[in-house]
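Undergrad: Generate coordinates for the entire structure from the input sequences, incorporating the hints supplied.
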Amino acid sequence: MCYLYVELQSVISIPPRLIHRGQASVYDTGCVMATPRADDWSWFPALALGVSFLKCILINAYHSTDFEVHRNWLAITHSLPVSKWYHENTSEWTLDYPPLFAWFEYSLSHVAQHFDKEMLVVQNLIYTSPATILFQRLSVIVTDIVFIYAVKECCRSVREEKGSKDLLGHPFFILAALLLWNFGLLIVDHIHFQYNGFLFGILLLSVARHLQVLYFMTLFLVEQGRHLEGALLFTVLLNLKHIYLYIAPAYGIFLLRSYCFTKDNTDGSVRWSSFSPVRLVALGSIVISVGALSFGPFIAMGQLPQVLSRLFPFKRGLCHAYWAPNVWALYNMVDKALSVLGVRLKLLDVAKLPKASMTGGLVQEFQHSILPSVSPSITLICTLLSIMVMLSIWCRPRGARGFLRCLVVCALGSFMFGWHVHEKAILMAILPFSILAVESREDAGIFLMLTTTGHYSLFPLLFTAAELPIKVLLMLLFTLYSFTSLKKLFRGSLLNPLETTYLLGLVAVEILCEVVYPLSPWQHTLPFVPLLVTSVYCSLGVSYSFIRLYVSLLRQHGTDKHKQL
Amino acid sequence: MENWSLVSICVLFGLTARWAVSLNSYSGAGKPPMFGDYEAQRHWQEVTYNLPVHEWYFNTTDNNLNYWGLDYPPLTAYHSLLCAHLINPDWVELHASRGHESYGHKLFMRATVLVADLLIYIPAVVLYSFYLSEGSNKKKVFLCILLYPGLILIDYGHFQYNSISLGLALWGVVVLGLGWDVLGSLAFVLSLNYKQMELYHSLPFFCYLLGKCFKQGLAGRGLFLLVKIAVTVLVTFALCWLPFLSDPGQILQVVHRLFPVGRGLFEDKVANTWCSLNVLIKIKTILSTDTQLYFSLTTTLLAILPSSIKLLMKPTLWQFKLALVNSSLAFFLFSFQVHEKSILLPALPVCLLLNDLPLPAIWFLQASTFSMLPLFLKDGLLVPYVVTSLAFLFFSIYLLSAFEHCSEDKLRLGPYRRLLICIVRRYGYLSNCINKDHFYFSITAMAGLSFMSVALAPPDQLPDLFPLLVSVFSYLHFLGLLLYFNIVQIAEPLQSVRKNQKKSN
Numbered sequence: 001m002c003y004l005y006v007e008l009q010s011v012i013s014i015p016p017r018l019i020h021r022g023q024a025s026v027y028d029t030g031c032v033m034a035t036p037r038a039d040d041w042s043w044f045p046a047l048a049l050g051v052s053f054l055k056c057i058l059i060n061a062y063h064s065t066d067f068e069v070h071r072n073w074l075a076i077t078h079s080l081p082v083s084k085w086y087h088e089n090t091s092e093w094t095l096d097y098p099p100l101f102a103w104f105e106y107s108l109s110h111v112a113q114h115f116d117k118e119m120l121v122v123q124n125l126i127y128t129s130p131a132t133i134l135f136q137r138l139s140v141i142v143t144d145i146v147f148i149y150a151v152k153e154c155c156r157s158v159r160e161e162k163g164s165k166d167l168l169g170h171p172f173f174i175l176a177a178l179l180l181w182n183f184g185l186l187i188v189d190h191i192h193f194q195y196n197g198f199l200f201g202i203l204l205l206s207v208a209r210h211l212q213v214l215y216f217m218t219l220f221l222v223e224q225g226r227h228l229e230g231a232l233l234f235t236v237l238l239n240l241k242h243i244y245l246y247i248a249p250a251y252g253i254f255l256l257r258s259y260c261f262t263k264d265n266t267d268g269s270v271r272w273s274s275f276s277p278v279r280l281v282a283l284g285s286i287v288i289s290v291g292a293l294s295f296g297p298f299i300a301m302g303q304l305p306q307v308l309s310r311l312f313p314f315k316r317g318l319c320h321a322y323w324a325p326n327v328w329a330l331y332n333m334v335d336k337a338l339s340v341l342g343v344r345l346k347l348l349d350v351a352k353l354p355k356a357s358m359t360g361g362l363v364q365e366f367q368h369s370i371l372p373s374v375s376p377s378i379t380l381i382c383t384l385l386s387i388m389v390m391l392s393i394w395c396r397p398r399g400a401r402g403f404l405r406c407l408v409v410c411a412l413g414s415f416m417f418g419w420h421v422h423e424k425a426i427l428m429a430i431l432p433f434s435i436l437a438v439e440s441r442e443d444a445g446i447f448l449m450l451t452t453t454g455h456y457s458l459f460p461l462l463f464t465a466a467e468l469p470i471k472v473l474l475m476l477l478f479t480l481y482s483f484t485s486l487k488k489l490f491r492g493s494l495l496n497p498l499e500t501t502y503l504l505g506l507v508a509v510e511i512l513c514e515v516v517y518p519l520s521p522w523q524h525t526l527p528f529v530p531l532l533v534t535s536v537y538c539s540l541g542v543s544y545s546f547i548r549l550y551v552s553l554l555r556q557h558g559t560d561k562h563k564q565l
Numbered sequence: 001m002e003n004w005s006l007v008s009i010c011v012l013f014g015l016t017a018r019w020a021v022s023l024n025s026y027s028g029a030g031k032p033p034m035f036g037d038y039e040a041q042r043h044w045q046e047v048t049y050n051l052p053v054h055e056w057y058f059n060t061t062d063n064n065l066n067y068w069g070l071d072y073p074p075l076t077a078y079h080s081l082l083c084a085h086l087i088n089p090d091w092v093e094l095h096a097s098r099g100h101e102s103y104g105h106k107l108f109m110r111a112t113v114l115v116a117d118l119l120i121y122i123p124a125v126v127l128y129s130f131y132l133s134e135g136s137n138k139k140k141v142f143l144c145i146l147l148y149p150g151l152i153l154i155d156y157g158h159f160q161y162n163s164i165s166l167g168l169a170l171w172g173v174v175v176l177g178l179g180w181d182v183l184g185s186l187a188f189v190l191s192l193n194y195k196q197m198e199l200y201h202s203l204p205f206f207c208y209l210l211g212k213c214f215k216q217g218l219a220g221r222g223l224f225l226l227v228k229i230a231v232t233v234l235v236t237f238a239l240c241w242l243p244f245l246s247d248p249g250q251i252l253q254v255v256h257r258l259f260p261v262g263r264g265l266f267e268d269k270v271a272n273t274w275c276s277l278n279v280l281i282k283i284k285t286i287l288s289t290d291t292q293l294y295f296s297l298t299t300t301l302l303a304i305l306p307s308s309i310k311l312l313m314k315p316t317l318w319q320f321k322l323a324l325v326n327s328s329l330a331f332f333l334f335s336f337q338v339h340e341k342s343i344l345l346p347a348l349p350v351c352l353l354l355n356d357l358p359l360p361a362i363w364f365l366q367a368s369t370f371s372m373l374p375l376f377l378k379d380g381l382l383v384p385y386v387v388t389s390l391a392f393l394f395f396s397i398y399l400l401s402a403f404e405h406c407s408e409d410k411l412r413l414g415p416y417r418r419l420l421i422c423i424v425r426r427y428g429y430l431s432n433c434i435n436k437d438h439f440y441f442s443i444t445a446m447a448g449l450s451f452m453s454v455a456l457a458p459p460d461q462l463p464d465l466f467p468l469l470v471s472v473f474s475y476l477h478f479l480g481l482l483l484y485f486n487i488v489q490i491a492e493p494l495q496s497v498r499k500n501q502k503k504s505n
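If you read the protein sequences in the order shown, they are chains Z and P.
At position 412 of the first sequence (counting the first as 1) the number is 412 in my numbering, and the numbers step up by one without a gap.
At position 435 of the second sequence (counting the first as 1) the number is 435 in my numbering, and the numbers step up by one without a gap.
The set of hints was computed from the structure by calculation and includes no laboratory data.
One should not assume that every hint holds.
Claimed, not checked - Derived lysine-lysine pairs resembling DSS-like cross-links, with alpha carbons at most 27 Å apart:
(1) LYS152(Z) with LYS139(P)
(2) LYS488(Z) with LYS139(P)
(3) LYS282(P) with LYS341(P)
(4) LYS346(Z) with LYS336(Z)
Here the structure is a predicted model, which means the values were calculated and not measured.
TA: Here you go:
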């Protein structure tokens with residue numbers, strides 16, 4: 001009876017404020033969660049405001065068709081009844097995000113009507129009045145407040161091992177700068193146009209909730225409140241944008257193992273008898289109630305198949321028009337190389353080869369000529385195999401940090417092997433990984449490799465000449481900062497010569513692709529070559545980072561376990 | 001973090017902001033038949049590229065001076081010629097290219113500004129911040145100077161090449177500060193030959209160098225220095241004007257083009273004395289053009305005299321910077337034919353005071369940006385104006401902790417107090433005027449006026465109401481700050497007790 005009482009109380013949870021008060025007295029040595037004094041945080045608004053100003057000044061920059069996509073969704077949700085949201089197809093950019101996002105657009109549309117009513121008319125295709133641009137851009141900038149708050153929470157949960165007096169060399173400061181000024185997020189959200197900022201904000205907030213748990217293990221009562229909050233946030237996130245399903249396995253396994261089982265054996269393996277059905281029910285009810293809130297109305301209207309068909313359009317090809325830098329880019333490249341070689345050596349007949357324009361610009365199936373074709377089910381199997389390693393946290397949970405590592409592996413694994421992956425999905429690995437990067441030297445090295453290549457692979461998103469200087473300058477800004485700050489934090493070089501050479505090669509690739517090649521005669525006959533070179537070159541770096549990350553997860557780190565105890 | 005990486009990060013940030021502003025519209029975009037300054041610069045490329053040198057400044061069948069005729073000194077013309085050689089010949093074809101606007105052309109023009117800025121202005125700012133400003137916040141000062149919105153908006157929004165003339169003048173200040181007098185005068189002469197408005201700065205340069213010669217003794221080394229400088233100046237001038245020297249008529253015509261006295265005391269709405277006075281007395285109609293000219297000349301000379309004499313007697317870098325502010329601001333407020341953009345000339349030396357007198361400097365810089373609001377609105381630069389102004393205000397106040405430097409001593413008013421203590425005890429407390437509350441009040445008023453200019457339609461009988469209010473309001477700031485900077489400069493005792501703020505070489 002007493003046991004049940006404890007359980008219930010933990011489910012109900014204690015307000016977070018108490019936790020912050022409590023922690024200082026519980027830990028005073030070792031890995032203290034050193035929340036700095038409040039007066040030390042004055043730099044944070046400066047950093048956040050600075051980047052917000054930068055976002056504002058980019059209002060008149062180029063925006064992609066995603067701008068029209070979101071305008072169309074504003075119009076659909078504003079002017080049509082709920083039952084028509086997932087049926088409306090006047091524009092080719094139909095609503096293909098989960099219902100909660102549609103409600104988000106619906107609420108935005110109420111503000112939008114004070115800017116320009118015309119943007120809320122479904123028939124006004126490609127409508128870009130100045131007021132529309134201002135409103136849509138500002139909506140991204142303002143909703144980024146969630147992201148800013150989440151970054152602050154993440155900073156609070158960082159372990160501070162090296163106490164540096166210099167503010168600029170402080171892990172909190174570095175993490176905040178790496179997240180807030182993230183190059184990828186800036187160009188994808190504030191130039192290309194998407195709402196990733198607040199979505200990643202929710203993700204990071206959820207991660208921060210799990211990380212903060214770690215430090216309060218001994219405060220048995222308050223431990224789980226944060227887990228449930230984290231789970232709730234993630235469920236909401238899933239119902240906002242279903243691409244986060246990629247990392248759902250990490251959440252599932254972690255919560256099941258570390259939350260639903262309350263005790264470990266002495267060797268770290270699971271003690272089956274400690275399974276807590278109450279906790280499982282609590283988790284389950286959160287997931288189900290959020291899902292019901294989101295999908296319930298559509299199920300009631302009998303539209304679930306229609307909604308799902310919008311959310312998961314499997315008619316697309318293996319790769320996007322511009323190949324995301326993953327395994328399939330390499331696979332395609334090998335196939336192409338083999339076929340060219342085969343033709344040269346007269347082993348193949350040119351006439352029999354499928355006519356495939358490689359990266360022609362349209363979403364289409366790419367037919368392999370030598371290697372076997374890849375079907376969605378194969379990519380699914382590959383993805384699942386690649387993230388099997390997560391089961392290691394089942395055997396030896398290494399606390400929330402192990403979970404975070406799994407989450408990154410999961411995101412990166414799906415990026416490497418997934419079906420029709422967009423290059424933007426790399427951010428799902430880069431952003432959470434920033435937290436690990438400021439805590440360990442090895443992770444910092446992997447982080448630098450992954451972010452630099454991953455960010456560079458986003459360059460083709462902005463192909464207009466006027467935005468070329470912006471993307472180069474911002475990339476240099478972020479890369480220079482991440483290198484110098486992490487190098488200073490860990491006092492020494494983080495990359496070996498080979499890695500450095502590879503990264504310097506990116507400069508050569510950039511010059512070749514955006515300066516030299518457009519001036520050459522091949523620009524007209526083989527216009528896709530720069531994209532191909534970019535994606536193949538970047539996929540080498542991303543694959544390398546993936547492998548290193550994988551190894552780091554497999555390798556038994558005594559450190560995490562040690563610190564957890 | 002190492003210095004170099006922080007400096008690079010600041011530079012990259014400054015460049016990003018500049019390029020982001022340049023994505024916006026420019027002056028006269030899509031407004032035939034006259035377009036704006038953007039077309040003027042393009043037209044100069046066309047003229048210099050296609051016509052022989054001796055026709056550049058003359059009205060001929062191929063060169064209609066009424067359509068953006070060249071009215072800047074020869075270096076500007078050479079610069080246009082250089083740019084014209086780099087581009088698509090269609091863009092500078094004689095007659096046919098008039099009013100040419102295209103995506104590629106805009107990109108090219110913007111890039112030329114960025115390159116000039118990167119080559120001339122930014123290195124000068126780096127040198128100034130790291131060699132000539134004291135204290136621990138060199139990087140912060142550097143970032144704040146780079147982010148000054150007025151220059152960014154005019155060069156990258158409206159479209160001009162102020163970063164070249166101001167950059168060269170700054171090179172002059174930096175090099176003089178480092179002790180190389182000859183090189184400094186060379187840089188300044190180049191700047192003067194790029195834009196004649198640099199004359200606003202010329203008197204302090206002259207007095208500083210002359211004062212230095214006096215100090216070294218006009219009988220000995222001072223004379224030698226004077227001769228060296230004089231020769232440098234003359235030779236540089238001669239080289240710049242070389243193609244025009246063959247014919248005195250050419251020289252006269254160029255000079256006539258550079259100083260168009262016929263255009264009246266002021267045009268449009270500008271935040272100087274004459275335009276503000278015009279609200280009360282219609283000077284432009286009462287006085288003849290000649291009288292206006294002499295009148296403005298006299299007042300300008302009177303206004304710059306005290307600071308120049310003081311500088312002559314005490315040629316230190318600190319005095320020099322203050323004299324640059326006082327002289328250029330006096331020119332802006334009192335001289336003939338002033339444009340609203342000329343406020344950038346006083347703004348440059350005020351930027352150099354950011355470290356020493358943060359609050360007055362920030363206040364001035366903000367007012368200067370605000371004074372150009374009507375221009376920005378005409379060019380469609382509202383969003384960048386708001387964003388860069390807010391960013392500059394926030395960063396400069398935060399980084400330089402401006403409000404912690406408001407004491408009388410920090411505002412360098414101590415000597416003034418001691419000077420006046422027995423005469424006007426009650427009105428002597430000037431530092432009371434420069435404080436946080438007044439600053440916020442003024443900023444709020446600027447925000448309010450900006451909002452009204454954008455959102456409200458002016459009454460029918462007063463179509464220029466808001467631009468005029470903006471001008472007069474900024475004028476009051478400029479006048480007050482001119483007084484303040486003059487007091488700071490003149491009240492400083494001749495025998496310097498404080499060595500910390502002087503030359504660092």
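Undergrad: Which of the numbered hints are not met once you compare them with the structure shown?
TA: none
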